[in-house]
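Please construct the entire structure, taking both the sequences and the accompanying hints into account.
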Amino acid sequence: MAEIFKSVVCPICGCLCDDLEATVENNEIVKMKNGCAVCEAKMVHGYKSDERILEPYIRKDGKLVPVSMDEAICKAAQILTDAKYPLLFGWTSSVSETQHVGVELAEELGGALDNCCSVCHGPSVMAIQEIGIPTATLGQIRHRADLIVYWACDPWSSHPRHVERYTAFTDGRFEKSEFKEYVQKLKAKASQKKVDAAIRRTQVRYQPSQPPKAAIVEAPPQSLAKAGRKMIVFDVRKTMTAEVADYFVQVEPNTDYEIFGALRCLVNDQELDIDKVGGVPVEYLKEIVDAMVNADFGAIFFGLGLTQSVGRFRNIEIAIAMTRDLNRKTKFVIAPMRGHFNVTGANTVFAWQTGYPFALDFSQGYPQYNPGEFTANDLLRRGDNDATLVISADPGAHFPKSSIQNMMKHPLITINPDWNAISRLGDVVFPTQWCGIEQAGTAYRMDSIPVTLKKIVEAPKGILADEEIVRRILEKVRDIKAQKNEKDIQGQQQILERKM
Amino acid sequence: MTEILIKNGFVIDPLNNINCQKMDIAIKDGKIVEKVNEREAKVIDASGLTVMAGGVDIHSHIAGSEVNIGRMLRPDDHVKDVVRKTALTRSGTGYSIPSTYVTGYRYSKMGYTTVMNPSMAAMKAKHAHEELNDIPLIDKAVFTLLGDWWVALETIAKGDLEECARHIAWMIRATRSYAIKIVNPGGLESWGFGRNVHSLDDEVPNFSLTPRDIITGMAKVNAMLNMPHTIHLHTNNLGIPGNYKTTIETMQALESVYKGDKPVGHITHIQFSSFAGDNWAHFKSGAAEIANYLNAHNHMTIDIGQVTFADTTTMTADGPFEFSLYELGGHNKWVNSDVETESSGGIIPFHFKKKNAVNAIQWSIGLELSLMIKDPWKVSMTTDHPNGGPFYHYPRVFAWLYSRKAREATLKKCNKKAQRKSLLPTLDREYTLYELAIITRAGTAKALGLKNKGHLGIGADADVAIYNINPETTDIAQNYKPVRKAFSNAIYTIKDGEIVVKDKEIIAIRPGRTMWLDVQTKEPYRINEEMKRKFKEYWTVEFDNYPVTDHYIKVPEKITIQASV
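These protein sequences, in sequence, are chains A and B. Numbering follows this note's numbering, with no gaps: position 461 of the first sequence is 567. Numbering follows this note's numbering, with no gaps: position 162 of the second sequence is 166.
Worth flagging that the hints you see were computed from the coordinates, not collected in a lab. Note that the coordinates shown come from a computational prediction; the quantities given were computed from them, not determined experimentally. There may be inaccurate statements among the hints.
[Said to hold, decoys possible] In silico contact screen, one side only, chain B against chain A (beta carbon under 10 Å); selected entries:
1. Arg88
2. Tyr105
3. Lys128
4. Gly196
5. Asp342
6. Gly350
7. Glu527
8. Pro528
9. Tyr529
Where a beta carbon is used, it is the ideal one built from N, C-alpha and C, also for glycine.
Here is the structure:
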């Protein structure tokens with residue numbers, strides 16, 4: 107019997123597309139409609155892979171041995187209470203309900219709490235704390251933006267439906283989709299390629315292969331001055347998104363700060379007495395700024411190319427400063443391309459309970475915040491923590507070796523649906539449900555819009571939701587602490603009696 | 005449920021005309037009752053203490069996307085005010101925007117039991133409700149921003165108010181909210197393209213109507229829907245010198261809607277809309293004009309939005325205003341957050357200083373208004389938390405109101421120019437405890453249409469605050485400091501018949517309820533279908549995923565209302 111679920115939300119990237127249709131047969135998703143390739147890969151195939159963890163494990167004598175859920179919970183709680191300073195890391199591929207309990211657990215343990223934000227858009231958050239951010243929901247951009255800039259990000263590959271749902275290729279109330287133009291352009295390009303190939307083949311002769319020339323930025327096309335939507339891409343390499351754009355500016359790596367600085371000068375009608383910035387002729391930058399100022403509504407999206415290259419949060423800061431200045435002349439907004447589907451939620455949930463979005467510490471009994479001190483990698487590389495819990499993340503695949511080496515010196519608890527790099531290293535390994543497939547809950551889109559994830563299939567028997575696992579660990583931790591307190595009191599009484 | 009008997013307190017209960025009467029209050033099953041069995045009940049000896057209903061706050065930004073971005077924006081604000089975890093309470097941070105748990109604790113310690121969260125973009129409603137669940141010890145409700153919602157603008161422009169009302173009812177239900185909030189009507193839509201409206205008769209770009217149409221239309225819609233509260237209005241031109249004229253025009257526009265029975269509009273944080281003078285250099289108070297108008301008319305209620313001189317964080321859905329504040333206020337951090345088809349928003353940290361002429365005059369305006377508007381039932385006390393100052397500064401405001409001495413002490417420290425311009429030295433009025441109870445609970449509850457709140461009559465919710473003030477022996481105007489302290493720390497706070505604060509400490513945690521309106525209109529099915537059709541075109545989330553579901557409200561209190569359309 108096929109069952110069709112409508113308005114399903116995709117639990118993969120920060121776009122949180124919620125117009126999907128899932129066909130379920132015998133408790134298995136067999137078809138996804140409307141989703142992108144990434145969505146289909148996870149929701150039709152990925153979630154039911156052979157790599158699924160099906161029961162809890164504890165490492166005994168160096169080997170992972172299957173155990174009961176209760177035993178695993180007890181062991182995990184014991185590790186965490188015995189530790190002086192545990193680190194709880196991950197959370198961004200969990201639903202907000204889980205993150206909510208996570209803060210309570212970190213507070214109870216007096217440990218450190220961090221989310222994947224610290225290795226992706228942490229610098230963006232810090233830049234926002236420095237100077238704020240003029241931003242808007244994606245729908246506002248869909249309805250109004252006539253100039254869209256993607257900077258150091260490649261949504262065509264990483265957020266495949268971003269352009270189609272929210273920016274250039276969607277119909278809004280005041281701006282129309284540029285998709286048709288794009289198709290025409292694409293067709294023209296394809297036929298041009300055919301002609302080129304035909305010419306080449308008629309003149310077959312030996313040519314030694316030449317080393318690729320250094321990138322030369324092309325002049326801005328006429329279309330930047332046209333009415334209707336325009337799209338500009340800034341990146342260090344020609345990405346898929348650059349292929350669709352009206353104008354692609356190939357910048358030299360690690361020069362974003364300079365380019366933003368130059369653009370900001372030009373926005374404020376200052377003269378620049380150099381010819382090129384970051385490999386881009388100033389003349390071209392002037393034309394870009396003209397297009398920005400002449401836009402009715404402009405939007406800039408930026409990705410990890412800015413946050414993780416030289417300049418870090420200063421790159422974002424100057425990008426925001428430029429956007430702010432543009433608001434004196436027209437309307438402009440800027441927004442980070444958040445990656446994991448609920449990384450925005452992790453920031454949100456942490457902030458409302460503690461005031462801070464990531465890099466948290468509870469060792470003093472109250473929340474403290476300091477990126478660089480309480481961020482996961484900094485803690486790990488210094489070797490500050492003496493136990494780690496990783497949930498819905500894979501630092502094993504993404505953290506530096508030195509971090510993981512220190513992590514492995516102490517007990518490690520993992521809560522993940524499948525055998526990823528970090529699960530294999532765990533001392534206590536919990537299986538869990540896939541959020542948004544087997545577990546319902548709330549996630550926050552990259553523009554802070556809350557969307558409810560749906561449960562569309564049943565999880566394999568015995569596998570719990572991560573919210574429940576964290577909650578049970580929390581309860582067990584409280585039990586152990588209460589028992590310990592009682593023992594302490596008894597011990598003190600005995601000492602007193604002896605003294606008497 | 006335990007029974008409680010509060011004995012021998014001085015009861016102040018303006019809604020039941022009780023003024024400092026020595027009497028007993030009996031509580032059973034979360035309600036005020038006529039009597040309880042004295043032997044079984046827990047007896048609180050309140051002799052020499054003042055007993056009031058739990059405080060009701062009509063306007064305080066405590067939860068939601070805007071508030072939370074404000075929290076994230078200001079780690080500098082949190083480090084100076086940290087709250088430790090205890091065996092009973094959660095940890096957190098405070099100052100201008102306290103974290104959720106701390107918000108609940110601090111309100112409760114002041115004897116407040118009900119708080120209205122006055123600004124929520126409909127699209128982010130789930131977020132606001134999730135946060136409200138995490139605010140313990142107080143009942144709460146949210147107001148949805150509807151003044152610049154496309155569907156409302158279109159139906160009002162068409163002149164079809166009944167249709168507008170039905171759609172608004174759909175939205176109130178979908179977002180589980182309590183009232184219609186209107187912010188800078190027309191201005192937020194204009195801000196979509198970086199513009200603003202500057203008078204009641206400017207045309208809203210792309211929609212053929214004016215702010216005046218929106219305000220009067222919405223007031224009529226509000227009446228059609230039989231809403232318990234009036235429209236909750238943040239005026240056009242807020243924060244701009246000379247705006248008192250716009251405010252009076254706004255109130256005049258609403259005269260036509262008034263039928264002579266109950267108020268039709270509530271102007272919120274009116275202090276920010278009572279500026280006179282042509283520019284910032286000639287900035288002065290427009291309080292006298294506003295107060296004169298309100299003294300002569302009965303169709304409006306207001307809340308103050310008092311400035312308390314704090315390093316605070318301003319936040320409002322009025323995006324264009326925040327941008328002008330950014331340009332004006334020395335280019336501090338600026339957040340703008342537009343919400344598609346519905347609203348906008350902005351955040352700026354702002355330090356109100358005594359030595360700044362404009363800030364000091366603003367402080368004076370708030371107090372002048374409170375003192376010059378004769379009928380306290382028209383006035384609610386707020387600081388527009390966190391805009392004028394954090395809510396736990398309320399006791400300071402009380403002191404300025406009930407004690408001339410307190411006012412003068414602060415005025416002396418203010419900017420000299422502001423001192424000269426201030427009308428305060430001419431105002432002798434000092435609030436009595438009875439009047440103070442009106443502007444902090446009785447009057448606010450009445451303005452909100454909350455029948456079981458703000459009073460201690462039989463059947464009311466057992467939300468009680470007991471303060472260490474002896475009205476017989478204390479001259480509150482002279483000894484303003486101990487009284488201010490007493491208001492900061494209630495001896496007892498009782499929430500739904502349970503003692504939650506005792507001797508100034510939290511002793512029990514209970515979740516507060518979230519009140520929301522289920523507005524019943526005709527043809528709900530047709531409206532639903534129509535909304536379904538509009539959805540793809542207007543929003544970037546699906547119809548099915550938009551409404552707030554039961555999952556998002558831990559302790560709901562549904563209030564069903566029959567609309568007349």
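Next item on the list: Under 10 Å, Cβ to Cβ, is where B:Gly350 needs to be relative to chain A, so tell me if that hint holds or is violated.
Entry: For B:Gly350, the interface hint holds, since the closest Cβ of chain A sits about 9 Å away, which is under 10 Å.
Note to self: Restraint: B:Pro528 near chain A, CB-CB cut 10 Å. Satisfied or not?
What the structure shows: violated (20 Å)
Check: With 10 Å as the cut and Cβ atoms as the points, is B:Gly196 at the interface with chain A?
Finding: holds (6 Å)
Note to self: Restraint: B:Glu527 near chain A, CB-CB cut 10 Å. Satisfied or not?
What the structure shows: Violated, because the Cβ-Cβ distance from B:Glu527 to chain A comes to roughly 24 Å (cut-off 10 Å).
Next item on the list: Return the status of the interface hint for B:Tyr105: holds when the least beta-carbon distance to chain A is below 10 Å, violated otherwise.
Entry: holds (7 Å)
Note to self: Is the interface hint satisfied for B:Tyr529? The criterion is a beta-carbon contact with chain A at less than 10 Å.
What the structure shows: Violated - the Cβ of B:Tyr529 stays beyond 10 Å from chain A, reaching only about 19 Å at its closest.
Item checked: Cut-off 10 Å, beta-carbon criterion: hint that B:Lys128 touches chain A -> holds (6 Å)
Next item on the list: Please verify that hint: B:Arg88, Cβ, nearest Cβ of chain A, below 10 Å or not.
Entry: holds (4 Å)
Next item on the list: Verify the interface restraint on B:Asp342: the C-beta must sit less than 10 Å from at least one C-beta of chain A.
Entry: holds (4 Å)
Of the numbered hints listed earlier, those contradicted by the structure are 7, 8 and 9.
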